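Residue numbers (the numbering used here), protein chains in the order written: chain A, 26 to 376; chain B, 26 to 376; chain C, 26 to 376; chain D, 26 to 376.
Treat the hints as calculated values from the structure; they're not laboratory data. Note that the structure is a prediction, hence the values are computed from the model and not measured. You can trust all of the hints, since none of them are fake.
Here are the simulated lysine-lysine pairs, DSBU-like style, with alpha carbons at most 30 Å apart: (1) B:Lys240 <-> D:Lys240; (2) C:Lys240 <-> A:Lys92; (3) D:Lys220 <-> C:Lys330; (4) B:Lys95 <-> B:Lys240; (5) A:Lys31 <-> B:Lys330; (6) B:Lys31 <-> D:Lys31; (7) B:Lys220 <-> B:Lys240; (8) C:Lys95 <-> D:Lys330; (9) D:Lys92 <-> D:Lys31.
There are 4 protein chains.
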Amino acid sequence: MIIVLKPNSSRETVDHVLECIEAMGLTPHLSQGVSRTIIGVIGDESKLRAAPLQAIAGVEQVLPILKPFKLASREFHPEDLVINLKGVRIGGGSLAMIAGPCAVESEPLLTEVAEQVRAAGANILRGGAFKPRTSPYSFQGLGREGLKILRAVGDRFGMPVVTEVMDPRQVEMVVEHADMIQIGARNMQNFDLLKEVGRTPIPVLLKRGMSATVKDLLMSTEYILSQGNRRVILCERGVRTFEDSTRNTLDLSIVPNVKGLSHLPIIVDPSHATGRPDLIPSMALAAVAAGADGVHIEVHSCPEKALSDGPQALVPAQYAELMTRIRAVARAVGSTIAEPEPSAEPALLHS
Amino acid sequence: MIIVLKPNSSRETVDHVLECIEAMGLTPHLSQGVSRTIIGVIGDESKLRAAPLQAIAGVEQVLPILKPFKLASREFHPEDLVINLKGVRIGGGSLAMIAGPCAVESEPLLTEVAEQVRAAGANILRGGAFKPRTSPYSFQGLGREGLKILRAVGDRFGMPVVTEVMDPRQVEMVVEHADMIQIGARNMQNFDLLKEVGRTPIPVLLKRGMSATVKDLLMSTEYILSQGNRRVILCERGVRTFEDSTRNTLDLSIVPNVKGLSHLPIIVDPSHATGRPDLIPSMALAAVAAGADGVHIEVHSCPEKALSDGPQALVPAQYAELMTRIRAVARAVGSTIAEPEPSAEPALLHS
Amino acid sequence: MIIVLKPNSSRETVDHVLECIEAMGLTPHLSQGVSRTIIGVIGDESKLRAAPLQAIAGVEQVLPILKPFKLASREFHPEDLVINLKGVRIGGGSLAMIAGPCAVESEPLLTEVAEQVRAAGANILRGGAFKPRTSPYSFQGLGREGLKILRAVGDRFGMPVVTEVMDPRQVEMVVEHADMIQIGARNMQNFDLLKEVGRTPIPVLLKRGMSATVKDLLMSTEYILSQGNRRVILCERGVRTFEDSTRNTLDLSIVPNVKGLSHLPIIVDPSHATGRPDLIPSMALAAVAAGADGVHIEVHSCPEKALSDGPQALVPAQYAELMTRIRAVARAVGSTIAEPEPSAEPALLHS
Amino acid sequence: MIIVLKPNSSRETVDHVLECIEAMGLTPHLSQGVSRTIIGVIGDESKLRAAPLQAIAGVEQVLPILKPFKLASREFHPEDLVINLKGVRIGGGSLAMIAGPCAVESEPLLTEVAEQVRAAGANILRGGAFKPRTSPYSFQGLGREGLKILRAVGDRFGMPVVTEVMDPRQVEMVVEHADMIQIGARNMQNFDLLKEVGRTPIPVLLKRGMSATVKDLLMSTEYILSQGNRRVILCERGVRTFEDSTRNTLDLSIVPNVKGLSHLPIIVDPSHATGRPDLIPSMALAAVAAGADGVHIEVHSCPEKALSDGPQALVPAQYAELMTRIRAVARAVGSTIAEPEPSAEPALLHS
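With the sequences and hints as input, model every part of the structure.
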């Protein structure tokens, strides 16, 4: 932590700041120059971070040096984390190919999509039972019935399943039915929900908030990890900018950025990021080339009849064609697409 | 709703779109030009909004005409809503002056602040018992104990109290102790929480998300209103931009923008928006001049010892000086600062 | 300047960085802690700023301490700068009220607007002769003819005039006709143009770029000041954000922010910022309350026939009503609206 | 163009709008519903675009249907444009690999870099002679001397050269020495400069402004194309967002987005976008996978001694390794890296 004092600080100000630091049991290093006085504090930065040093009269800037997250940091866990989801390995060059409709609408519809995406090479099935919709008048999901359908269809095609949870009171029910829990972008800083999923035994797919920095995302991860659940996969899904021809702006630089800071896998969702089927394939290929640990794509047999987010879904034939192109790019960058093991033991015994 | 077809759409495409619209029981109006075909649909736009028309092959753009929110709209309720919080009138030219520390830390500390802000003219006391902190290692609030302190101190100085709720499971407890519930920016799209507070009998102070548009904010309001609770106050607290010398960028244009679209009161929080005590007073004055229905300011007796957000708090003497200047600007624009009625009946019988 | 080394830096790395600093004739201060090594450099920060220290292997972060601008800084010039434009004082509590149409369209039209805004209290007349239009097919301005009309109409009503320059080759011609030169938002970092206007004897109104930080704006100012022209007025006109119901997002916090950093006056343009006549009055009042040194508003007698930006103009009657309200707020915050001195000598002898 | 009237518009308002449209020689189509009246205008949209319909009392929204750019649109030129720069084909699956230092610093230094990037497979040499620097106190480039060095070194290694122009008065000199002119992000809306390069015979590399939408970028292109120069290459170099760990946020979705709208080639600059050498390689691979027509990378032999932007440059060995990986990804997506023809005739006879 470095504390920069205002120009021409009085001796009293300097002494007051030094006393504050010493009162926390830390040792300050004073550097006095012609125009500025700087105080370096080497030690347990977390003690200082909690203290509102910025509020001390005479202090101009407080510059933290260490990263504010710990369990999510690569310094804590130097090797890439590889998560084994019913035999599907995610991370360390093994790619999650998550596909399925935005919402679980009915068993026949989900079966139709699942069969086709599985045949095309998808290894994890997605589908929402609880839907965060901006309008209270839109379809809100089938709830428990949707979870049962998702579980049944996933089992039928040997695919582990992931679904979103929005309310701490739903967590228990979702854990009973799913292999991985998704936290949506709107809930990235719903801290009580993060703590709740941090106490479950299954992996968590945490989506980046629409205006969250990389640091914010990793701090939210810390909420989950600090409760005991160490299996988190991050997901980039676009951030808000001034560009109005796409739903959001996909920030692929977060992929290598996170890989430098953390050992956690990170995947990319080009469907929500762009909101445009004509842009999804290029962005999926770019994500794999950038080193992402997987791609999350919405697929619907009949987007024009989808109850949620139809306009951004690919049809199964488009997904199959994209998978062929993804395989070529994955080979070029040395990644492989994981295969599920249908006979695997329950997910929570793995990894 | 207006549907613009792609250039040179075939007769089949046009017919397909017309059929889709008629299948919903609506009447399309076709306009064919040299380069484009446009279909206007006049009728119940909500039916169309739910349908993924954008996903129909041949459709280039779908342009909604009506606003997607209803209960929050001024067309539904032409008069300004005035909320009476234990005698403090908010809206219609009567200003809420909400002040207090970020977090309730102890009864003596809150008493000290409350006494001074009340004397300076504040009419509502704030203080957090549950704190949304980006780091799980920061102070998380006193919980129920904090609520009790807030209630007791508010009663002592005849001030109604407002406090934040983060988890649907906390709502009942907060309603027992507070006069108004705050939903923080990070939870603006926590839809289950919105529904839960929509079923309570006390007013809700809903903060704008860090990257929420005006429309997003009003749609979140709709979640609360549609559950029966019609008393919502909106709060601008800054949005995320590229500017890095302030915590966020305060968007005061939302004040007249919301007033055109909705009958709900809107207040401004310059403390969180700027994060800088040197900028708070100017932004508070600007908010009142812009027509805001109140100002929400963090005040702490000793910001350098605050357990949460100390660096952005004013000290009581600064707040008192600011209130003098606010009164002058309020007079200039024809607003008045509401006075609490200590002997008033419980809040939920009002409005 | 503070240089933070990567964790566990080797002795060689530390020595290499120390040598680099000493080679610049500066003295490093080394602080070694358990997890990090920090090197403070007190001295002529500009030498270090030019050096790409960040590129040295082993360096994690380089944190500048001093501000990168000098002539624009309040440390260089502690008193508020007051600019005298033909008797109209701008700065130090005296407000510029700049009004007029977006573009000079004809002498009768400009005369009609000028007469009315002058009667309402405007003290500076604006009008574009060279127009930066996003489309090459839009009206591009009358050029020299427009400048002559502006000069003549300004003289007739005793108002100093301001107009935009877009190309270094137009500067001489504009200086012949105008009392103040405007640099538009799109040219805020057109460095050759900034240098050119920095060599003229008349004040410059520099608009903030659509995505410029406060620091960027002050660095652009430095380009003008360093050429000798010390009379610059800054202008906030909105920044780009995700909000799509307004043209841009007006950032009023830049007003007190700039006043802390610099002695230069700063005014606000709510017309371009919002693009909506229904929001302009509230934002103009808020600007004055925030301490701005003036307001820049587009006024057109018949917005529906304007050749440029008609939809965002106020009609003269709206402007007159707004001026009444602005006067009330100005009084409340202790500002006054400057009056032009019609018989004053030419602008360039002033200040 | 679609014109939506305010709710409950009077007969007079409707008639007034209809008259305005007819006065322009166009035919309105009226659709009246229960809550709204909509007027469609099919015809020459450019006439309407110039008219400030939004300013007419009673008009709520004006929705343009056609794209505002013409010469830049794929409807005007359905085939991909392929630009031949001294034998290097850019576009249509043939990739420009532009490399070199930020600024031309000296002939030996540029020779050293050029030799190595040419050996690694770069096909176009870059280097700045005029530098847009945010600070007037930073190195501003060698000017004409830099252009001569660039030309000589390019010729020696058989590489066409590209360099930036910032001022309309420099255009003639740059055209004498370079094979392609670059317009930097800060000048994307310097309309006089765009017109000036639109009259030259050599291709233009136009960088996206830091807060420009796709539409803004294509409108700026229109300024160049409409002057006669039809050879423009677009370049994505990152946009400004709230993320503070990278210089800007690279928006790769613009690649397929532009390809849908326009026939012009588009390349990507990950150096300026990220500002971080650790992120550049992944973003370069992603750009190629996304379908970009080339990659623009800064390379410097000794970044820690660079006079400009050293911290973001790769060293030649890193560039060579990256080129090997780029070739693999290019093959996977069916692209090829163009080879220069050293003996080719002057650039302006091509294409």
